[in-house]
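With these hints in hand, go ahead and build the complete structure from the sequences.
Protein chains in written order, with numbering that gives the first Met the number 0: chain A, 0 to 480; chain B, 0 to 270.
The set of hints was computed from the structure by calculation and includes no laboratory data. Model, not experiment: these values are computed from the prediction. Glycine included, each C-beta is placed from N, C-alpha and C at the ideal position. Mixed in with the good hints there might be a few duds.
For lysine to aspartate or glutamate, the following DMTMM-like pairs were computed, each having C-alpha atoms within a straight-line distance of at most 25 Å [what the hints assert, rightly or not]:
id: 1; chain 1: A; residue 1: K226; chain 2: B; residue 2: E50
id: 2; chain 1: A; residue 1: K221; chain 2: A; residue 2: D277
id: 3; chain 1: A; residue 1: K226; chain 2: A; residue 2: D277
id: 4; chain 1: A; residue 1: K226; chain 2: B; residue 2: D27
id: 5; chain 1: A; residue 1: K221; chain 2: A; residue 2: D202
id: 6; chain 1: A; residue 1: K226; chain 2: A; residue 2: D276
Examples of chain B residues toward chain A, derived with CB under 7 Å [stated by the list, open to error]:
id: 7; residue: L52
id: 8; residue: G65
id: 9; residue: T66
id: 10; residue: A68
id: 11; residue: P72
id: 12; residue: I75
id: 13; residue: P77
id: 14; residue: A78
id: 15; residue: H123
id: 16; residue: G147
id: 17; residue: A148
id: 18; residue: A156
id: 19; residue: L252
id: 20; residue: I255
id: 21; residue: I256
Next come the chains, spelled out residue by residue.
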Amino acid sequence: MSVRPTHDQVLALAPDKAAAAAALPIAVPRAWSAAGCDDGAVWGQYIAAAAEPYNVAVDLSDDVGGPAYRCNCPSRKIPCKHVLALLLLQAGGGVAPGRRLSFAAEWLQRRSSAAREGNSAAADHTVATHDGGERAEAGDKALGGGARSPRQPLPGLDPARQKRQLERFERRRVGLQELDRWLADRVRAGLAAAELSDVATWDRVAARLVDAQCGGLANRVKRVATKVGQHHRWHEDVLEEMALLHALAVSAQRTSSLPGDLADGVHAATGLTAAKDDVLAGVPTTARWIVAGQSRTREDRITVQRTWLATFGPGGPGPTNGAGDARAVTWAMVLAFGVFGNELVTEHSVGTAFEADVHWYPGGIALRALVGRTYSEPVPTASGPRASTVAEGLRACGWSLANEPWLERYPMCIRATPAPLGNGCWSLADGTGSVAVAAPFPRIAEIVSVSGGLPVSVMGEWSADGFLPLTLFAGGQVIAL
Amino acid sequence: MTDVARQLAESAGNEWSILVNTAVLGTDRRPLPAPAAGWESLPMSDDPALELLNRAAAVATARRAGTQAAPPPLPIEPAPPDPRPVSPPIAADLLDRMLRGAHDILLPEWMALCSVAGHQPPPHLTPTLLLRGRRNPAFDTVARALIGARAGWLADALPELGLRAAPQLPPPGTESFLPPARPPNSAAAVTAIVEVFLDRSATWAAAGHLRLAVAAVDPTWLPALRLELSRAPFHATTERSRIDLLGLAETRLAMIISFQTATHRSRPPQG
Chain A
0 MSVRPTHDQV LALAPDKAAA AAALPIAVPR AWSAAGCDDG AVWGQYIAAA AEPYNVAVDL
60 SDDVGGPAYR CNCPSRKIPC KHVLALLLLQ AGGGVAPGRR LSFAAEWLQR RSSAAREGNS
120 AAADHTVATH DGGERAEAGD KALGGGARSP RQPLPGLDPA RQKRQLERFE RRRVGLQELD
180 RWLADRVRAG LAAAELSDVA TWDRVAARLV DAQCGGLANR VKRVATKVGQ HHRWHEDVLE
240 EMALLHALAV SAQRTSSLPG DLADGVHAAT GLTAAKDDVL AGVPTTARWI VAGQSRTRED
300 RITVQRTWLA TFGPGGPGPT NGAGDARAVT WAMVLAFGVF GNELVTEHSV GTAFEADVHW
360 YPGGIALRAL VGRTYSEPVP TASGPRASTV AEGLRACGWS LANEPWLERY PMCIRATPAP
420 LGNGCWSLAD GTGSVAVAAP FPRIAEIVSV SGGLPVSVMG EWSADGFLPL TLFAGGQVIA
480 L
Chain B
0 MTDVARQLAE SAGNEWSILV NTAVLGTDRR PLPAPAAGWE SLPMSDDPAL ELLNRAAAVA
60 TARRAGTQAA PPPLPIEPAP PDPRPVSPPI AADLLDRMLR GAHDILLPEW MALCSVAGHQ
120 PPPHLTPTLL LRGRRNPAFD TVARALIGAR AGWLADALPE LGLRAAPQLP PPGTESFLPP
180 ARPPNSAAAV TAIVEVFLDR SATWAAAGHL RLAVAAVDPT WLPALRLELS RAPFHATTER
240 SRIDLLGLAE TRLAMIISFQ TATHRSRPPQ G
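Spelled out as C-alpha cells, the structure:
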C-alpha cells in the first residue's frame, strides 16, 4: 500500500474511540521530530512529555495484509495513539518525503528480508520475538517495544505469568472474604467490645489485606482505627466506615457484574489502580487549570499530597457534577507520593494557572487525574475557581458520593463568612446555610482575620469530619493555609 | 429543604440510630429489628450481622450523599473598616518569613516602614502578630498601633486565642521595639563588616553583632555591602556567617524596595 491512507482510513485503524481521540491532538507537526516518509513507509519521533522521544514507524508496503506498526511507547493498544497521530499527520500532508531514520530503516530492512524468505507472517513473528526479548528485560512497561500488526494476534500470555495472575486473583478473593467475615464478626460481637479499641486488632487486619494485595483497603482500615474513641459518638463513624468496607469487599468480588465505571471505582478503592500509561492514553481534557489547593496526609511512612486543579465548565469524561451547569467547576485531583521525612517535590504551586491536557483515571466519577502535555508555563493568578454557595458545594459533594460512596474527600470552593459554633469550633456560612470546619483547625484565625467578618472565597476539602480549608482567595492574594 | 427531603432525612436518621444501637451491642445479643419501608437491603442476607452491614452501607451512603447545609449560626460583627491599603505582597511574604524566624532582626524596621508607608499589615498575619505580642509587651504596643482597631475586633471574635482587648503596657524600663540606631558612619561600618571576613574573624560566634550591624547601616549602603559580601573569600570558619549576612542584606533591601515601590505607585502622578 504505497498510497498514503486518508484521514478516515487512519481513524478506522484505531483499536477504540479513546485511541482515536487521543491521537487527534498530537497529530500536529510541533509534537513530532524528524517525521518523514517515502513510498513504502512513514516514520517519526514523537516528543513525549518526559524522557526519550518515542520512535514510531509504519510499514505501508504490504498491499494485502495492511500496514504494520512499530512504536516503543508503553501503550498496549495496537496501533497506539502515536502511530495513529503520525498517520493522521501524513494524511494531512504534514510529513515530507525524506531519508529513513536509522531505527526505521533497520526495522523495515528486517521486515523485508524476512518477507523475501517467503513468509510474511514469519517476518512479524521474527521481529516480535526480537523485540520481545527487549520487553522481557525491561519488564511489562516496555511492551510497546515490538513490531505490531493488527493481523497478528497478541502473543498468548506466558503460562508462568498467567499462573501468577491467577494466584494473585485468588489471594485477593481470599483476602476480601476474610475482611468481610471479620467485619461481620465485629458486628456480631458488638462495637463496644474492648478489642476494637486496640490498634493492634486493626493493624492485623490491614496487614492481611496488604498480603492479599488490597493496599487501598488496608490504608482505609488503618484510618478507621484512628476514629475509635475519638469522640462520644465514635460508634457511628466506625459503623459507617465498616459498612463501606463491607460494600467494597462485596463489590470487589463481583466487579464483572458491575457497570464499567463503578467497577473501575471499586478497583481503585481496593488498591488496583490503572497504570499511568493507560491513563495517559485516554482522552484528555485540555483547559486552563488553576492550582487551587494542596493538602498532605501521612499514611504509614508515605506522605500523600493531593493537588486540586480546577477549570470552568464541564470537562471530565462522564458525569462530573449533578447540576450539569456550564458555569460549574471541574475538579481534578493529582496525587504525589513521597517517603515520609523526605521533601516532596511540588510540581504545581498553589495560585498558578497553566494550559494542559488532564487525563482521567477511570472510576465512578472523574476526579483523580494526571497532567499530560502542558501548553503554557504556569503563571501566577489571584483569582481562584468560581466560588459556589455552601448549598451548591454540598450538593456537588453529595452527588459525587452517590456515585462513589467510598469517596473520602471532595473539593469545594465556597464564598462564605466564618461563624463561630462555640467550643472553639467554626463554620463557614452564607445565605444558603453553613458547613462546619473540620476541628481542630488551628488556622481559623487567619480566615477570620482575612474575612473581617465578610464573605471570603475559601477552597477546601469536604470529608466526613467537616470542611478542611486549604486556600483563601482574597483581595487579589492567594493564601495557602 | 423540601418536605420529601425532610421526611427522607428523618427516616434515614431513625434507621441509622436503630442500626448503630444494634451494632454497639452486637447482633448476638440484640436481634436486628426489621427495616423501615424503603430501607430493605437487596438481596437480604440470612446472617443478621451481614444484613446489618448491608443496610448500614445503604443508609450511610444515603446520609453522606444527602448532606445538607446546616442552618447558619449567628455571624460575627464585621471588622471596623480600615481605609489603608494592605502592605505589598512581597513585604507580606517577607513578614511571614520573619515571623517564622528568618532574619527576624528586621521585624522592627518592617513595622516602622509599614507605619511610615501608611499601610495595614497583611490581615492573614495579624493573628500571628498579636499572638507574638502576648509574650512581648514592647512588640505588642507597636503591633497593635499598626493593626489598629482590627486588633480589638479580632480579640472579641476569637476568644479562643486569649488575646487582650487593649494593648499590654510594657513594664517600666523595657526597651522599645524600634529598629537599631543608624551608625554615625555607615561607610565605615560596611568596611568593618567586610574586613572581619578578610581577617577571618567573622565566625558564627561573632554573627550576632554582625547581624545587628547589617540591620543598622544606612540602606543606601546595602547594595555595596551585598556586593562585597558576595565577593568575600571562602573560608570554612566564616562561610556560614557570610551566607547568613548576605541573606540578611538581601532581605532588608527587598523589604525597603517593596515598600518604596508601593508608596511610589500609590502616590498620584505629579504635574
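Checked hints:
1. The suggested pairing of K226/A with E50/B holds, with an alpha-carbon distance near 23 Å, which does not exceed 25 Å.
2. Restraint check: the Cα-Cα separation between K221/A and D277/A comes to about 29 Å, which exceeds 25 Å; the hinted pair is violated.
3. Restraint check: the Cα-Cα separation between K226/A and D277/A comes to about 36 Å, which exceeds 25 Å; the hinted pair is violated.
4. At roughly 24 Å between alpha-carbon atoms, K226/A and D27/B fall within 25 Å of each other, so this suggested pair holds.
5. Among the hinted pairs, K221/A with D202/A is consistent with the structure: their alpha-carbon atoms are about 7 Å apart, no more than 25 Å.
6. Only pairs whose Cα atoms come within 25 Å are accepted, and K226/A paired with D276/A is rejected, the gap being roughly 36 Å.
7. Here the hint on L52/B is kept, as its CB sits about 4 Å from the closest CB of chain A, short of 7 Å.
8. Taken as an interface hint, G65/B checks out: its beta carbon lies about 6 Å from the nearest beta carbon of chain A, inside 7 Å.
9. Nearest Cβ of chain A to the Cβ of T66/B: about 5 Å, under the 7 Å cut. The hint holds.
10. The interface hint given for A68/B holds, since its Cβ lies 2 Å from the closest Cβ of chain A, which is under the 7 Å cut-off.
11. A cut of 7 Å between beta carbons decides the hint on P72/B: the least distance to chain A is about 5 Å, and the hint holds.
12. The beta carbon of I75/B comes within 5 Å of a beta carbon in chain A, closer than 7 Å, and the hint placing it at the interface holds.
13. Annotation: interface hint on P77/B holds; nearest CB of chain A at approximately 4 Å, less than 7 Å.
14. Hint status for A78/B: holds, given a least beta-carbon distance of 4 Å to chain A, under 7 Å.
15. Restraint check, H123/B versus chain A: the minimum CB separation of about 5 Å is within 7 Å; hint holds.
16. Checking G147/B against chain A: minimum C-beta separation of about 12 Å lies over 7 Å; hint violated.
17. At its closest, the beta carbon of A148/B sits 11 Å from a beta carbon of chain A; the interface hint therefore is violated under the 7 Å criterion.
18. A least Cβ separation of about 6 Å between A156/B and chain A falls short of the 7 Å threshold, and the interface hint therefore holds.
19. A cut of 7 Å between beta carbons decides the hint on L252/B: the least distance to chain A is about 22 Å, and the hint is violated.
20. Using the Cβ-Cβ criterion of 7 Å, the hint placing I255/B at the interface with chain A is not satisfied: the shortest such distance is roughly 21 Å.
21. Hint on I256/B is violated. Least Cβ distance to chain A is approximately 19 Å, over the 7 Å limit.
Hint compliance for this structure: hints 2, 3, 6, 16, 17, 19, 20, 21 are not met, and every other hint is.
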